[in-house]
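The hints should help you fit chains Y and Z onto chain X, whose structure is shown.
Residue numbers (the working numbering), protein chains in the order written: chain X, 137 to 476; chain Y, -3 to 330; chain Z, 23 to 516.
These are computed hints drawn from the structure, not numbers from a lab.
All residues carry an ideal CB built from backbone N, CA and C; glycine is no exception.
Worth double-checking, as some hints may not be accurate.
What the hints assert, rightly or not - Below 25 Å or equal to it, Euclidean Cα-Cα: the simulated SDA-like pairs (lysine to any residue) are: (1) Z:LYS282 <-> Z:SER298; (2) X:LYS367 <-> Z:ARG101; (3) Y:LYS214 <-> X:PHE338; (4) X:LYS367 <-> Z:PRO115; (5) Z:LYS161 <-> X:PHE338.
Unchecked claim - Label-pair distances were calculated between CB atoms; the ranges are: (6) Z:ASN385 <-> X:LYS147: 52 to 62 Å; (7) Z:ARG414 <-> Y:ILE177: 48 to 58 Å; (8) Z:GLU278 <-> X:ALA471: 44 to 54 Å; (9) Y:PHE0 <-> X:ILE331: 55 to 65 Å.
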Amino acid sequence: MSASAGSSRLKRMTKRTEFWIFLVLIVMCIFIQARSGGQLFTANTIVTILRSMCVDGMFAMICLIVMVSGGFDLSFPAVAALAYSLATTICLNNGWCQTNPIAGFVLSIIIGAVLGMLNGWIISNFKLNTMIVTLGTQTFFTGLSMGLLKMKEITSTLPAGLASFGKWALFTVKVDMNGRELSYDMTGMFIPFVIFCIVTSFVLNKTMFGRALYAIGGNETSAERAGYNVKRIKFILYTVVGAASGFVGMVRVCMARQSIPKAMIGKEMTIIPAVILGGASIFGGEGTVFGTVCAVAIITVVSNSMLLIGIDSYWQDFFNGLIILVGVTVSAVQAMRRNK
Amino acid sequence: MKEFVNKNRYMTMLLGLLAVILVLFTITKGSLLWTGGTWKGIVMQFPEYGVITLGIMFCFVSGHIDMSFVALGDFASIIAVRYMAAHTPENGTNGQIMGVILVGLLIAVLIGALGGVINGVLIAYLNIPPVMATIAMQLVWLGLSTALTQGYAVNGVPALYTEIGHSNVFGFIPFPLLVFIIVFIICAFLLKFTTYGEKLYMLGSNIKAAKFSGINTKAMLIGTFVFADVVATIGCMLMVSSNNSAKADYGTSYVMQVILILVLAGVLPDGGLGKITNVVLAIVTVQIISSCINMFKDLNIYYANMIWGGLLIVVLILGTKLNGEGLIRKKKKA
Amino acid sequence: MSEYLLEMKGICKSFAGVRALDHVNFKVRPGKVMCLAGENGCGKSTLVKIISGVYTRDEGEVIFEGQPVTKITPAEATRMGIQVIYQDLSIFPNLTVMENLAINSEITAGVKFVNRKRWEETAKEALSKIGYNIDLYAKMGELSVADKQLVAICRALLFNAKLIIMDEPTTALTKKEVDALFTTVRQLRDSGIAIMFISHKTEEIFEISDDVCIMRNGKNVYSGLTSELTPDQFTYYMTGRELTNDRFEPKNISREPVLKVDQLTLPGNYENVTFSLRKGEILGITGLLGSGRTELALSLFGLNNPKSGTITLNGSQVKITSPMKAQKLKIGYVPEDRLTEGLCLQQPIADNITLASLKRLSNALGILKHQDILDDAQIWKEKFSIATDDVRKFASTLSGGNQQKIVLSKWLSNDLDVLILNGPTVGVDVGAKQDIHALVHELANEGLAVIIISDDLSEVVTNCNRVIVMKEGRIVGEMDGDQVTEDNILEIIR
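Extracted from the complex, chain X is given alone in its bound form (with noise of 0.2 Å):
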């Protein structure tokens, strides 16, 4: 019984993408190991890719719970835009943020959930396609941002608390490189990623409101029947989308010590097909936590780890370009096999 049970439980894991996608990782990790001289499983390699996985990171977790209900986020990368810009502007005007950064993140993500209830009012309140509504949201808080409301780039006047706040580092990793001693820092914005991976795990794994995520993107009519809200999870997904996109911006202007409306877009070009390629599905009801950071972690990875094997960093679009294109084409293939 518990060998059968095993083999079938192991015969269901090799089915599921996110362990292909780990497989991935792991033999690509390999390959730029060998192919580098051993320059991938660098300490300082390392702590530069996590680094530089924690924003991106977050914004897949953000990402990925609106496409398991079926949804497309356009919007995300604008709402966080407009949010950490209007914050951090707030927090300069008032003097605020100059020892600790709570007034910004609260600020920010406050800002988040209220440009979040917009997307979440008409998504919910109309049969639309969510990918068009978010389109024009992002088009509209772009414009709110830099147009009415005229937000300016914040650089060396960022407000202390945000700027230190960004500098925390766990530890830091010193590495001996030509006789100079060069210091990696490795950043405590990957406490909040870490948080952010375990919180939406647990979201649409242990509540019922992220079963209701996976209900409703498997089947609307039914979850409807079946006696979920439809409408008021609707509006609830988008509002904490929104607070959170909030969040991870001020995460971003701590990071980079800069608040620049501007950053922000076209991010959602680089993000959604990461989080497909980790085994959402744009139909909806598909897609783990796990297999996102896979995802998450293979194109950073690349984007990274270019120049250890040669490559030329502008090539670094086209290759990511590349893996996402072999990734929906191996999942269209394999959905048409099965369709068979």
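What follows is chains Y and Z alone, placed relative to chain X:
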């Protein structure tokens, strides 16, 4: 009158919108708005993305979406400009240079067609959801362009090319506008008067039924993507003449703008819907909005974004009524 | 305690002034199978939605377990023990069997967090109700329709169901699966649960039900014991007309066959299929779901390429590799599922009718002749009496029967040698059904070779001069002329 409104709800809405905008700006900036310069600017600017929009409309009518067209067009124009820059003779005659330009254009069109074929094959034969296939291709083309140019603009556009782009045909039609008009005539003809257009609308509203009616849906899709992407590439070649160079990220904002215009015109990516005259009306409306906003010194171009985004949302919500009850969720009474 | 579990008296319901239900009365006894029968559009589903609380009745009385019920909400219906198993089964294909089973009761209980252990218990309890065994961790979407249905039944039983309403549960099942389902239904019945079984298939109704309630045009025209009803009476009540015997008499059969199929095989679909078809004939191909009838039809239309065997058309051997090729070879196909395969609903009627004959309605350059298209559509509108005032209106504005007429016109306006009709009158009202049959007879007598694929035996018997019966991918019987009777077919089919 009432019948016209009922039959052309989107057109009525767009005309109403246009009227409101014109009245509003006539009151606030009438002296600036009604000048030759302003209108010349308007007709010079919209053909660029107008041409692209007309092409991508075909994808939307077929029930598919394309996100790759600007990246593809940029790549094509980079290659074309590189070719033109390398082969333009220093002191060549206009005829010689014209030859080089034509070859350059041909190269661009062929690359556009190649991109269309790839999109079509990915979607029709490999069954990849169009959004995904074309986002991935967008990254691929952008990546290729970036890798080739290291992110720099490619210069060396023959002077003649820019000259033509800024010329007035017959002394009063700006060249880009002429291109737009020609493309419009071809598109309108294809959609309204040919079996291809007829089949395209039917395929867009139910691809399976089209297949069961003996239509070669795969060939149709590939053909549609080729046409759309070639037309979009032509739009990008117009961009080359106004920028006097090609670059990996020229016109990236056009992706969203094109989708926005199409939805504004009632051409939804769900397929089978929309009239080309409405699309032209929407293109002009969008351009007038941004030109008008440009007249205010204290307003930057992002105001236009705000208005467009807001409009899109309002149109979508209104659209649930404009397209009949099919789109709106029936109120459930518990 | 009343003798009846549920009594409904004088139920009326109107939508936008149109009366969908007109003083409907019926009763459900506990521990019995009650069949709600009627043609499409007779108000069956409206009635079900009133019972399950989705719609509110305009007038009438509902008595459940002897107690009058004033207002039913979906939650109230569940609490009272009424469970509906919809035709689409309301399942979540992306979730496991276990979650599908547990989700409803978890929601009803207002639980906030997941407790997989409790889910598993719930799921096991549900399965044990009918002694059904299945991998709890299997993905729902990967199960067969029959398994999905059993899971849906188990889920319904979790709510201490007293009345289970099953909406057309046998539509997508094979005969074997139907038998298994009926065994389960009887088992439930014997445990005291009332089953309301919605169907329009005569044989099934007589096989399974104790009571029957027949509806027509929003009224119930018969309710009582099934045993007091003969199949002929049943059909009369269903359709409102005496069973006429205007059987198709071929008048004009060619000597040479137009289509010959020899040893056609596609493993897993059908094997060694051999038959021939002459002009002027209407050949029926019948068999249960999964017998290979649809797969065979698709092969003849180029959508399901056979592995071996030959197809000969007008004396020359052909390979039909795509619908385009089939069309060139003058073969037309009216698909099974009108809405997904046959129509572009959001397009004008005229464009739908002329979709397959655009070549004829355009010039050599592919330029459309708009007037010809409208004229052509107009001709078909009149010939088929399609109920519309303007062929430029959307196809979605028509009723099912009229929509089917469009799909037929689409092929008939082509010059055809062979026309394949797959389920030509599924979901079509009686009037339109007669129109369609009459036109097919006329066309056959004009020299068209027709194949009707159907599991509606009365349709096959009245319309076909020759019938092939398929079972598990093989031809198991062929009969023609007077041999074609429902009994003869039934004998082979089982």
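Here's how the hints hold up against the structure:
For the suggested pair LYS282 (chain Z) and SER298 (chain Z), the alpha carbons sit about 4 Å apart, so the restraint of at most 25 Å is met. A hinted pair counts as satisfied when its Cα atoms are at most 25 Å apart, and LYS367 (chain X) with ARG101 (chain Z) qualifies at roughly 23 Å. With a C-alpha separation of about 43 Å, the suggested pairing of LYS214 (chain Y) with PHE338 (chain X) is violated against the 25 Å cut-off. For the hint linking LYS367 (chain X) to PRO115 (chain Z), the alpha-carbon distance of about 21 Å falls within 25 Å, and the restraint holds.
Of the supplied pair hints, the one linking LYS161 (chain Z) and PHE338 (chain X) holds, its CA atoms being roughly 21 Å apart against a limit of 25 Å. Taking 52 to 62 Å as the suggested C-beta distance range, the pair ASN385 (chain Z) and LYS147 (chain X) conforms, at roughly 59 Å. For ARG414 (chain Z) and ILE177 (chain Y), the Cβ-Cβ distance of about 29 Å falls outside the hinted range of 48 to 58 Å, so the restraint is violated. Between GLU278 (chain Z) and ALA471 (chain X) the C-beta distance comes to about 46 Å, which sits within the given range of 44 to 54 Å.
Taken as a hint, the range 55 to 65 Å holds for the pair PHE0 (chain Y) and ILE331 (chain X), whose Cβ atoms sit roughly 59 Å apart.
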